[in-house]
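Novice: Model the full assembly from the supplied sequences, consistent with the hints where possible.
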Amino acid sequence: MNPNARIPPRWTSLDASRVALPMPSTPAFVWSVTNGFLEWFGDLGLFAWQVMRAAVRRPFEGRELIRQIDEIGSKSLPLVALAGAAIGAVLSLESRSSLVRFGAKSMLPAALVYSIIHETGPIVTGLVVSGRVGAGIGAELGSMKVTEQIDAIEASGVNPYKFLAFTRIVACILMLPLLTLAGDFCGVLFGWVAETLVEPVSFLRFINQGFAGASFSDFLAPTLRTAFFGLIIGMIGCFQGMRTKGGTAGVGFSATSSVVLSSLFVILADVILVKFILVFFS
Amino acid sequence: MMQPEQASLLAGEESAAPRAIESAGGKSDGPAVILRGLHKSFGSQIVLDGIDLTVENGETLAVLGRSGTGKSVLLKLIIGLQKPDSGSICIHGQEITILHLDALNEIRKKMGFLFQQAALYDSLSVEQNVAFPLTRHTNMTEPEQRDRVRELLAEVGMEGDLKKMPSDLSGGMQKRVGLARALALDPGILLLDEPTAGLDPITSGEIDELILKLQEEHDMASIVVTHDLQSAKTIADRLALLQQGKVQIEGSFEELEKSGNAFVAEFMKRDS
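If you read the sequences in order, they're chains Z and Y.
For reference, each letter of the first sequence is one residue, going 1 to 282 in this note's numbering.
For reference, each letter of the second sequence is one residue, going 1 to 272 in this note's numbering.
No lab work stands behind these hints, which were simulated from the structure alone.
Just so you know, nobody snuck in bad clues.
Which stretches of chain Y does chain Z cover? Using the computed rule of at least three CB atoms under 8 Å from a CB of chain Z, they are: (1) 73-87; (2) 92-105; (3) 114-128; (4) 133-139.
Please read all numbers here as calculations on a predicted model, not as lab measurements.
Just so you know, even glycine gets a beta-carbon here, dropped at the ideal spot from N, CA and C.
Specialist: Right, here's the structure in full:
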């Protein structure tokens, strides 16, 4: 060993203040973020256009659509049912103590049913599905992108926008309202179970009281609203997945960003659509 | 000058697409692939800087070069996965750079592509992977498709692995299944991206022999992108060496050996 050998100096965190990092100015940072945001929307618009163009051309990929309906619909059912049941039970227990305090205990079934059908059921279903399906689509398509499977589909003369994206988006649009109805049913059922454990009441009486003032339009608009949630979840999941770059880190980013963005847009759409429904359906 | 048929395809007439296959996708008397003045850049990085190449029917051309010289990009341009910045790509006499998607897909059906990592669909079994082009582009009944898939898998020595998933296969086996899938529609042109990359020498030799056998049986024009000079020597009729986005030299293996070109000599020395 050379006795004159010198260990090269190493930077530590204490030296960080000595390192001059190029920090972007505030206007440059704001411009960069705004530019990235607008670019993302522009790319999403182009992607939606490609999917719509592919959708009107034959063949219609019916077999793949059925596979996706099974994947997105029936495999999400247990989670949506569980979430609906939990929300129903919690709502029942929480509402009960408030209503008892104001002497309106008899209003519990109606308050529960109205709350679940109008808001809690649709938004909980939307968020649960955006978590499960959004992540699944983002990761699956992202993985296909980085392993050149999407290129292989295109090279074999099949349009990936139709085969991969359109089928998943349509499956999401069709399945969200049905999953919402299942979630609503479990919510009302377990709301009754929670109420019965505190003060026994027959299921028939609970249902009669709950649906006494409800009409078909109370179901229709909030449930169909979730078809729009399905469009958001499917579109963002496919878009983020099919634009994946890099290796496994890129796939992870696509999965995470699919969930974050689809949940965010589901909540935003919920706010806008609630106002829309109040104006046009009340 | 643009032919009337090309003009109608550009205009997006759906009815023009089947005619395009008859005249373009099928084998013709002229060369299978003609590339003229092909340029491709990614940002400021020039990858292909005026490529001119011709591949005749039944001929195998090996494209060699260092990593990052645009060999794989060249194949993706030929099958239309990427668009060139300028230049012309003629497949059996049909200019494909101006075609709309439907007509391009008709041309793609006449080409088979083996990807570097095989790119098998990992949610489908071996049988479903090979059947994928058949279910979409032929009117075969299910029993006919099954028979065709078995026949193709037997050709590549994978007939016993029908129900296996891609994740259960080794690299060499995945390449074999990828080859079977590429041959499913009996293409006139086969594009192979690094068919022996990542394989041990014995498996590489087996894949080379398999490619030779398939070329003899199917009489296809093939373009093979590879780093492996031994593999290129075995399977190719002609070699083209890419450097700095251009074809540095092309010819038979012997012609390249005798050329005295410094880059060729260096390439051969490193590989030997």
